[in-house]
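All chains should be built: construct the whole structure from the sequences, respecting the hints.
Number of protein chains: 2
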Amino acid sequence: MTDDFYMQLAINEAWKHQLLTYPNPAVGCVVLDKNGKILSISSHKKAGFMHAEPSAILQALCTISSEFASSFLREYQMSFELKSQNITQTLENENLDAKFCYDFILKNHSNLLKGASAYVTLEPCSHHGKTPPCASLIANLGFKRVVIANYDENEIASGGVKILKEAGVEVVCGVLSKLGSELLEPFMAWQSGNFSFFKIALSANGVATGGVISNQASRTHMHALRSVCDMLVISGNTVRIDRPTLDTRLTKDGKSPDILIYSRSKNFDKSIPLFGVKDRSVSISDSLKSAFDRGLVMFEGAQGLLNALPNEVKWVLVYQSSTLKNAQNLISERTFEPLHSVKFDDDTATWYRIR
Amino acid sequence: MTDDFYMQLAINEAWKHQLLTYPNPAVGCVVLDKNGKILSISSHKKAGFMHAEPSAILQALCTISSEFASSFLREYQMSFELKSQNITQTLENENLDAKFCYDFILKNHSNLLKGASAYVTLEPCSHHGKTPPCASLIANLGFKRVVIANYDENEIASGGVKILKEAGVEVVCGVLSKLGSELLEPFMAWQSGNFSFFKIALSANGVATGGVISNQASRTHMHALRSVCDMLVISGNTVRIDRPTLDTRLTKDGKSPDILIYSRSKNFDKSIPLFGVKDRSVSISDSLKSAFDRGLVMFEGAQGLLNALPNEVKWVLVYQSSTLKNAQNLISERTFEPLHSVKFDDDTATWYRIR
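Those protein sequence lines, which keep their order, are chains A and B.
Numbering of the first sequence is given in my numbering, commencing with residue 1 and proceeding in unit increments.
Numbering of the second sequence is given in my numbering, commencing with residue 356 and proceeding in unit increments.
Bear in mind the hints are in silico, worked out from the structure with no lab data behind them.
Model, not experiment: these values are computed from the prediction.
Built from N, CA and C at the ideal position, the CB exists for glycine as well.
There may be inaccurate statements among the hints.
Stated by the list, open to error - Quick list of in silico lysine to aspartate or glutamate cross-link-like pairs, EDC-like style, CA-CA up to 20 Å: (1) B/K698 - A/D230; (2) A/K343 - B/E692; (3) B/K533 - A/D345; (4) A/K178 - B/D700; (5) B/K554 - B/D700; (6) B/K669 - B/D648; (7) B/K698 - A/E170; (8) B/K698 - A/E182; (9) A/K34 - A/E170; (10) B/K698 - A/D253; (11) A/K278 - A/E312; (12) B/K533 - B/D359; (13) B/K371 - B/D700; (14) A/K343 - B/D648; (15) A/K46 - A/D230; (16) B/K698 - A/D346; (17) B/K669 - A/D346; (18) B/K533 - A/D346; (19) A/K178 - B/D701; (20) A/K314 - A/D253; (21) A/K255 - A/D286; (22) A/K314 - B/E692; (23) A/K16 - B/E537; (24) A/K165 - B/E692; (25) B/K392 - A/D4; (26) A/K343 - B/D701; (27) A/K37 - B/D613.
Unchecked claim - Take a look, some chain A residues computed to stay more than 10 Å from chain B by CB distance: (28) G168; (29) T245; (30) R280; (31) L324; (32) E333.
Okay, structure coming up:
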């Protein structure tokens, strides 16, 4: 198979955690052994969690060697209070201590990944944060080849390719770079101050109104998105009609974002649940300026807000259900350009660029 | 990676040619070398074309050995008039002579696939048609392991697993069998007489009316579907309003299907283009009975026909564009259960089971 094929797998994996990694970029990584067999497909899942590369490397080592996997699980359980007993669940779901994993990999890899290849959607980092650089880890493990979609333009993190090349690793850059750039768009935007997107749920026949439209999996994802957002913007009309809570109850340890109610009138019934959510500030304004001062902002609403969106709002996330609703559809003059779709059970969530 | 991962790749590949293989089943196949590296992903593309397994095997051998690839291309060009000069194009696009390919593989494989694995969505066939059985080919090439989603229940073709096991091949059956069965539903239905489906194009906000909605890639696919259908059913109203041609001009060598106009009145302006298409019979009836006597039938229409569909129509194919249209949406009381989606540039084609 071609480099494009493996990079597409890495890109698809990264999109599953798009925005959820804020303020970090969404990054995916695929590791192949020296014979070209896929060992792992992983991604960066959340700020504070492992980067995509060590996550995929840890998974790859556990795939190759059950001995490595069981000794990792045993030592991790000894060092930390870990509920999961199963290595697959542990690798997928837990916020593993990055430093511990990095050190464990370096100490126990036994050259199992000598001659391996990695496909990474973004240049591996070169900076010492909680762990040493990802690029050094890859070089230390004896990887033969690293394929990258895009260079990292962040001054602190860039330089990974240099580290890899100096260690004798073959580096190919620019594979599916257009798709890789689309994946990075939010990251580039919030690094320059702000990334704003509009979220809406639609039935299969385009209805946005009349009660809950998206399924449980979509709504859980949406609560996880709310939880990483700095601010949520909603129109005064929607607040008055829907009387929403706008919290993150469907996620574990969710943080409810600040709210900006976009409205001329400042008069609201304060018994509307959103005003009662803890640790949240609610502001009411007929200007959106304060929203674009925040890093990651989600606009929630329906037809009215969609058609009033300023140009600062770059993307639309549509949760589209597979059911038809007997009601009037959403109408808009805006143009949607599809970027990527993810399935949530029978719903399809599609990210669009909006024009 | 798990068996599920590779089987999903095979299933996805097969769906790209769903119905287009009529009267054969849609089948996908993935070949891995003895080290677990993916060599090829292929499918049965059309009746008369190679089965999925020899197609994937030929592609795999060309991937492993450029010598094999160039000698195949050379000998093929000598034996047949072949326009394509490029091996990739040849494998993907040409209706290669199955007998020639089968014999060439058997004569020239040089044990390159010894120890390989295959993932096939349907039990490899055991019958001698234009070529000897696929199961024998796999066994003769020294495959170590074959993973299958579903047994073939067709009496003539079944028995492939027996051939494989007798040759010492490890066979695993039932991987992703539910998804594999969904893929086979049309095949099972037309083997029992008839498979009927409804096709519609919708804008992102559910509009089915007002001129062309789907893009060129979707319409080309739809013409290819028409070309394999025995009959096309359309409502009298649509014929009067749209004055359609209902031909297959966007496909090469397309055959325009017979038409049943579903209408009480037999009165139609015979200058409507569909009546002028060559080699086609057009009938007008207020009964759909004659449609369900045919093997593969496509219903084309909009809201009226959708809501009047009898239970014999099992699936709906929705070509959904990414653009919003400023018009009233399609309304229906029917329930759609999504089965699989395929991208056509910015359009998404989704197959649904309809209830």
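Hints versus structure:
The straight-line distance between the Cα atoms of B/K698 and A/D230 is roughly 34 Å, outside the 20 Å bound, and the hint therefore fails. For the hint pairing A/K343 with B/E692, the CA-to-CA distance comes to about 14 Å; that is within 20 Å, so the pair holds. For a cut-off of 20 Å, the pair hint linking B/K533 to A/D345 stands: about 15 Å separates their Cα positions. Proposed proximity of A/K178 and B/D700 is supported: the alpha carbons are some 15 Å apart, at most 20 Å.
Our distance criterion of 20 Å between C-alpha atoms is met by B/K554 and B/D700, whose separation comes to about 18 Å. Between the alpha carbons of B/K669 and B/D648 the distance comes to roughly 15 Å, so the proposed pair stays at or under 20 Å and holds. Only pairs whose Cα atoms come within 20 Å are accepted, and B/K698 paired with A/E170 is rejected, the gap being roughly 34 Å. As the CA atoms of B/K698 and A/E182 are separated by approximately 18 Å, the hinted pair is consistent with the 20 Å bound.
Under the criterion of a C-alpha separation no larger than 20 Å, the hint pairing A/K34 with A/E170 is consistent with the structure, at around 13 Å. With a C-alpha separation of about 36 Å, the suggested pairing of B/K698 with A/D253 is violated against the 20 Å cut-off. Taken as a hint, the A/K278 and A/E312 pair is broken in the structure, with Cα atoms around 29 Å apart against an allowance of 20 Å. Between the alpha carbons of B/K533 and B/D359 the distance comes to roughly 12 Å, so the proposed pair stays at or under 20 Å and holds.
Distance hint between B/K371 and B/D700 is fulfilled; the C-alpha atoms sit about 13 Å from each other, no more than 20 Å. Proposed proximity of A/K343 and B/D648 is contradicted: the alpha carbons are some 37 Å apart, above 20 Å. Distance hint between A/K46 and A/D230 is fulfilled; the C-alpha atoms sit about 15 Å from each other, no more than 20 Å. About 17 Å separates the Cα atoms of B/K698 and A/D346, which keeps this hinted pair within 20 Å; it holds.
With a CA separation close to 18 Å, the supplied pair B/K669 and A/D346 stays within the 20 Å bound. For a cut-off of 20 Å, the pair hint linking B/K533 to A/D346 stands: about 16 Å separates their Cα positions. The suggested pairing of A/K178 with B/D701 holds, with an alpha-carbon distance near 16 Å, which does not exceed 20 Å. This hinted pair does not check out: A/K314 and A/D253 have alpha carbons roughly 28 Å apart, beyond 20 Å.
The suggested pairing of A/K255 with A/D286 is violated, with an alpha-carbon distance near 25 Å, which exceeds 20 Å. As the CA atoms of A/K314 and B/E692 are separated by approximately 31 Å, the hinted pair breaks the 20 Å bound. A hinted pair counts as satisfied when its Cα atoms are at most 20 Å apart, and A/K16 with B/E537 does not qualify at roughly 25 Å. Simply put, A/K165 and B/E692 have alpha-carbon atoms about 50 Å apart, too far for the 20 Å limit, and the pair is violated.
Distance hint between B/K392 and A/D4 is fulfilled; the C-alpha atoms sit about 15 Å from each other, no more than 20 Å. A C-alpha spacing of about 17 Å is found between A/K343 and B/D701, which places the hinted pair at or below 20 Å, so the restraint holds. Only pairs whose Cα atoms come within 20 Å are accepted, and A/K37 paired with B/D613 is rejected, the gap being roughly 49 Å. Non-interface status of A/G168 relative to chain B is upheld: no Cβ of that chain comes within 10 Å, the nearest being about 23 Å off.
Listed as outside the interface, A/T245 is consistent with that label: its C-beta sits roughly 27 Å from the nearest C-beta of chain B, beyond the 10 Å cut-off. At the 10 Å boundary, the C-beta of A/R280 stays outside the reach of chain B, the nearest C-beta of that chain being 32 Å off. For A/L324, the requirement that its beta carbon stay farther than 10 Å from each beta carbon of chain B is not met, with the minimum near 5 Å. Not every beta carbon of chain B lies more than 10 Å from that of A/E333, the smallest distance being close to 7 Å; the non-interface claim is violated.
When held up to the earlier numbered hints, the structure conflicts with 1, 7, 10, 11, 14, 20, 21, 22, 23, 24, 27, 31 and 32 and fits the remainder.
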